[in-house]
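There are 4 protein chains.
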Amino acid sequence: MPRPLRVTIWNEFIHELEHESVRRLYPDGMHAVLAGAIQRQLGDAVQIRVVTLDQPEHGLTYEVLAETDVLTWWGHAAHDRVEEEIVTRVQHRVWEGMGLVALHSAHNSKIFKRLMGTTCMLRWREAAERERVWIVDPSHPIVEGIADEYFEIEQSEMYGEHFDIPPPDELFAISWFEGGEVFRSGCTWRRGKGKIVYFSPGHETFPIYHNPSVQRIIANAVHWAAPSGGLYLGQGRNISKPLSPIAAEHVMDESLHRSK
Amino acid sequence: MPRPLRVTIWNEFIHELEHESVRRLYPDGMHAVLAGAIQRQLGDAVQIRVVTLDQPEHGLTYEVLAETDVLTWWGHAAHDRVEEEIVTRVQHRVWEGMGLVALHSAHNSKIFKRLMGTTCMLRWREAAERERVWIVDPSHPIVEGIADEYFEIEQSEMYGEHFDIPPPDELFAISWFEGGEVFRSGCTWRRGKGKIVYFSPGHETFPIYHNPSVQRIIANAVHWAAPSGGLYLGQGRNISKPLSPIAAEHVMDESLHRSK
Amino acid sequence: MPRPLRVTIWNEFIHELEHESVRRLYPDGMHAVLAGAIQRQLGDAVQIRVVTLDQPEHGLTYEVLAETDVLTWWGHAAHDRVEEEIVTRVQHRVWEGMGLVALHSAHNSKIFKRLMGTTCMLRWREAAERERVWIVDPSHPIVEGIADEYFEIEQSEMYGEHFDIPPPDELFAISWFEGGEVFRSGCTWRRGKGKIVYFSPGHETFPIYHNPSVQRIIANAVHWAAPSGGLYLGQGRNISKPLSPIAAEHVMDESLHRSK
Amino acid sequence: MPRPLRVTIWNEFIHELEHESVRRLYPDGMHAVLAGAIQRQLGDAVQIRVVTLDQPEHGLTYEVLAETDVLTWWGHAAHDRVEEEIVTRVQHRVWEGMGLVALHSAHNSKIFKRLMGTTCMLRWREAAERERVWIVDPSHPIVEGIADEYFEIEQSEMYGEHFDIPPPDELFAISWFEGGEVFRSGCTWRRGKGKIVYFSPGHETFPIYHNPSVQRIIANAVHWAAPSGGLYLGQGRNISKPLSPIAAEHVMDESLHRSK
Numbered sequence: 007m008p009r010p011l012r013v014t015i016w017n018e019f020i021h022e023l024e025h026e027s028v029r030r031l032y033p034d035g036m037h038a039v040l041a042g043a044i045q046r047q048l049g050d051a052v053q054i055r056v057v058t059l060d061q062p063e064h065g066l067t068y069e070v071l072a073e074t075d076v077l078t079w080w081g082h083a084a085h086d087r088v089e090e091e092i093v094t095r096v097q098h099r100v101w102e103g104m105g106l107v108a109l110h111s112a113h114n115s116k117i118f119k120r121l122m123g124t125t126c127m128l129r130w131r132e133a134a135e136r137e138r139v140w141i142v143d144p145s146h147p148i149v150e151g152i153a154d155e156y157f158e159i160e161q162s163e164m165y166g167e168h169f170d171i172p173p174p175d176e177l178f179a180i181s182w183f184e185g186g187e188v189f190r191s192g193c194t195w196r197r198g199k200g201k202i203v204y205f206s207p208g209h210e211t212f213p214i215y216h217n218p219s220v221q222r223i224i225a226n227a228v229h230w231a232a233p234s235g236g237l238y239l240g241q242g243r244n245i246s247k248p249l250s251p252i253a254a255e256h257v258m259d260e261s262l263h264r265s266k
Numbered sequence: 007m008p009r010p011l012r013v014t015i016w017n018e019f020i021h022e023l024e025h026e027s028v029r030r031l032y033p034d035g036m037h038a039v040l041a042g043a044i045q046r047q048l049g050d051a052v053q054i055r056v057v058t059l060d061q062p063e064h065g066l067t068y069e070v071l072a073e074t075d076v077l078t079w080w081g082h083a084a085h086d087r088v089e090e091e092i093v094t095r096v097q098h099r100v101w102e103g104m105g106l107v108a109l110h111s112a113h114n115s116k117i118f119k120r121l122m123g124t125t126c127m128l129r130w131r132e133a134a135e136r137e138r139v140w141i142v143d144p145s146h147p148i149v150e151g152i153a154d155e156y157f158e159i160e161q162s163e164m165y166g167e168h169f170d171i172p173p174p175d176e177l178f179a180i181s182w183f184e185g186g187e188v189f190r191s192g193c194t195w196r197r198g199k200g201k202i203v204y205f206s207p208g209h210e211t212f213p214i215y216h217n218p219s220v221q222r223i224i225a226n227a228v229h230w231a232a233p234s235g236g237l238y239l240g241q242g243r244n245i246s247k248p249l250s251p252i253a254a255e256h257v258m259d260e261s262l263h264r265s266k
Numbered sequence: 007m008p009r010p011l012r013v014t015i016w017n018e019f020i021h022e023l024e025h026e027s028v029r030r031l032y033p034d035g036m037h038a039v040l041a042g043a044i045q046r047q048l049g050d051a052v053q054i055r056v057v058t059l060d061q062p063e064h065g066l067t068y069e070v071l072a073e074t075d076v077l078t079w080w081g082h083a084a085h086d087r088v089e090e091e092i093v094t095r096v097q098h099r100v101w102e103g104m105g106l107v108a109l110h111s112a113h114n115s116k117i118f119k120r121l122m123g124t125t126c127m128l129r130w131r132e133a134a135e136r137e138r139v140w141i142v143d144p145s146h147p148i149v150e151g152i153a154d155e156y157f158e159i160e161q162s163e164m165y166g167e168h169f170d171i172p173p174p175d176e177l178f179a180i181s182w183f184e185g186g187e188v189f190r191s192g193c194t195w196r197r198g199k200g201k202i203v204y205f206s207p208g209h210e211t212f213p214i215y216h217n218p219s220v221q222r223i224i225a226n227a228v229h230w231a232a233p234s235g236g237l238y239l240g241q242g243r244n245i246s247k248p249l250s251p252i253a254a255e256h257v258m259d260e261s262l263h264r265s266k
Numbered sequence: 007m008p009r010p011l012r013v014t015i016w017n018e019f020i021h022e023l024e025h026e027s028v029r030r031l032y033p034d035g036m037h038a039v040l041a042g043a044i045q046r047q048l049g050d051a052v053q054i055r056v057v058t059l060d061q062p063e064h065g066l067t068y069e070v071l072a073e074t075d076v077l078t079w080w081g082h083a084a085h086d087r088v089e090e091e092i093v094t095r096v097q098h099r100v101w102e103g104m105g106l107v108a109l110h111s112a113h114n115s116k117i118f119k120r121l122m123g124t125t126c127m128l129r130w131r132e133a134a135e136r137e138r139v140w141i142v143d144p145s146h147p148i149v150e151g152i153a154d155e156y157f158e159i160e161q162s163e164m165y166g167e168h169f170d171i172p173p174p175d176e177l178f179a180i181s182w183f184e185g186g187e188v189f190r191s192g193c194t195w196r197r198g199k200g201k202i203v204y205f206s207p208g209h210e211t212f213p214i215y216h217n218p219s220v221q222r223i224i225a226n227a228v229h230w231a232a233p234s235g236g237l238y239l240g241q242g243r244n245i246s247k248p249l250s251p252i253a254a255e256h257v258m259d260e261s262l263h264r265s266k
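Chains as they are written, first to last, in the numbering used here: chain W, 7 to 266; chain A, 7 to 266; chain V, 7 to 266; chain R, 7 to 266.
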């Protein structure tokens, strides 16, 4: 039997403590609802840990990260409070193969923006409007189990285009908003050996993380982002001995390459 | 008549001053050869400026960048000496639409790595081996004028896979190396409104920037990376008034969004 | 001065003859409005020809195709009447480098489906609803001149997801529809040496081809799809003499390769 | 326990019967070696069936296809003998979700070319030269288990660029050839709900299908191409009743849409 997938759920965990409106929907924190959803969907195949911003090193010690196969990220009010050093640490783990599932307002998190190389900015409006999530890649494993061409979220925050991201490697969902916008709401990218998913539906004052379709997609995304085996190749490799014969004779001037 | 394309050639300009072997090939600096090649190919349609690392602000003042449509970048020995603040400034200009053509060892420059979000590391060997550059997207404007399926570089530095970059939006060239490696040597990406090209052939102690096919591709790349018009959308936009009517009545709790 | 781009506008030209409602909007045929729009935008840089279904060989003789750099296609009621042989002929010209701009109901044309390899089916509804076309790649040359994040079409036919196309190489527009759907309304692909654009806004009983933003995008698409120079490589090439030395001595058994 | 993945191995099965040189390497047919490799790698998770060209309907009856989750295809000498009707049938099954793994000379098969929409032509040479397969997407599930940056095939047929395919959705391998060419040897695409893999290493007179790395990748490819659940959306859907309210009142003129 293969080892369970080790999932770490990172939650900023501020709104739930400070706002009654959020606490009502997520009395044990959004992380609890996410953990439950992933556990129900993936069962024994996962082993879940929860960490939050206010823990030492934001809960993301070298040890925790070394034991994490897939990290989910929810942050909103305190992106700036995440230490650069921790962001660098997480980015290195993604390069080594750790999956990252960035949720909703994590579009503006330091780690997501570092991996994308863009501003990741967007239009937004909180008006409790209807969102209809259309599946545009019905064969993608991340949408497995969504039975129809779309699903609905009755009250949602609008995130709209232009969304300033690199063109996604795969686009699996586009959202329609009652107030008039569209949004690439389900995207994947690869960075180093790590697989990255961004999925926008989700909010602190709307009960979106209780929606079964949203839960299914997040669990699927965690499963999809699982690391593959193989080498990590994130260092320069000077291969002075060629694999096949080279006709020329050449002595490299090392002084030109010192800093490489 | 349209305004000429304003091209800024950034050169580290260290090897040419310090190494006789480099000076012999590029007596006026690699920037001079690149400038000549771009000028010959694009004629009156471009206006070229050259800047180097040792100038104040590395030659990349706000004013210079504001007047730059496409920036070419060559650095090797002193990537670390480029100030973070200048890198951030260049990155913002790319987001706004400035094209970036990263040449050869610029794969390891701070600006390229910031925009890619990966390590951009690779295998390498300097053994004066043959490189054969195969065109894999013959309809791409960047390879316009390359008359055959490939062109050759008699003595080259090997750059080989795995090259740790995001999957390119477009792949126009793959190189074969005598010693046994392959390399995605011609790639494009978009970041914000800026178009980015990476083209690996080029070196300080081999006369690669004198090769007519290499020159043609670099000039084409500069032309391709020219900015389009239109809006810069790199800020979050709170659109409280919807474009189409929304049924729900909802008052946003501003305290939840303060830091957005 | 470079040769003008030779554009051929193919129109089914049935609705305009048979339906008063269409004739009122397009008294000289949709092709006339398209030709005027492209001419106004690109001026002397283009030379336009119009051909229609009912001409011999549907107007697409070998000679006409040989003199066509970019072909635009509008068909709806009579896709089945386009001869397979002519479709094959057009497909070969695309492979050789001719650009193809498929408009609106041309999603269901034989030529488009042949090049895509999929059904190209979609949801649709004709209810005169509002369409809002969002630009999702603001740096793409095809959206040059669109000044805002979106533009509107007051009365449109809905085309909605899932749109059964190969994932586009580039996605430049996504449409929002009043009735609740989204659609990847602006896409590009490459096939052989040919560049292909699909742009959905446009209709026979709504005056969409009179919309300035629609006209601008179609003209830009024609310009973008212009062929590049270079080789056509659509035949197998048996290269018995290697470019670099091969150690093994081997005699190929020709009888195994006869049909290649 | 989930149902095993139903794999059908299609083999032209001509060379093995007609050529002693091929029979020596593949005494029971190439299909037997492929079946063994997939079975060993995936174990109880697969259930394998073998069919060949000379069977009625080429072994690809409606019933067999209905019971096939992933189809592997090897053909070379007799592509032309595959009936168009059967090709159409297979293409429809791919659209519905059946995976297709096209091997080596299947680049020139009717089914592969139909799905690609291009000529799929390439350079080639049979000279028993060395091929080195470089992994360019080390996180892709299809290269799971390949322990190094590359693997070698001592004697191979060269397939080289330009390979006239649509830009692959994912590129996981690039081959280096001793005689001087490169080739995109491992590619994936999606068409309809079906996942498609092309993997070039493999040959009738070289023992390439006995190579453990080649076997591993083919087995992984079969696993990766497994269908997901969900709707098949390959028909036009006229949605006359909108999901959200539309302000306009409009009566569609049915006569304009009859053929849709």
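Since the hints were derived computationally from the structure, they do not count as laboratory data.
By construction, the Cβ of each residue, glycine as well, lies at the ideal position given by its N, Cα and C atoms.
Take these hints with a grain of salt, some might be off.
On the chain V side, residues computed to face chain W include the following (Cβ under 7 Å) [as the list claims (entries may be wrong)]:
#, residue
1, T67
2, Y68
3, E150
4, G151
5, D154
6, I180
7, W182
For each hint, the structure was consulted:
no.: 1; hint: T67; result: violated (39 Å)
no.: 2; hint: Y68; result: violated (38 Å)
no.: 3; hint: E150; result: violated (15 Å)
no.: 4; hint: G151; result: violated (16 Å)
no.: 5; hint: D154; result: violated (10 Å)
no.: 6; hint: I180; result: holds (5 Å)
no.: 7; hint: W182; result: holds (5 Å)
Checked against the numbered hints listed earlier, the structure breaks hints 1, 2, 3, 4 and 5; every other hint is satisfied.
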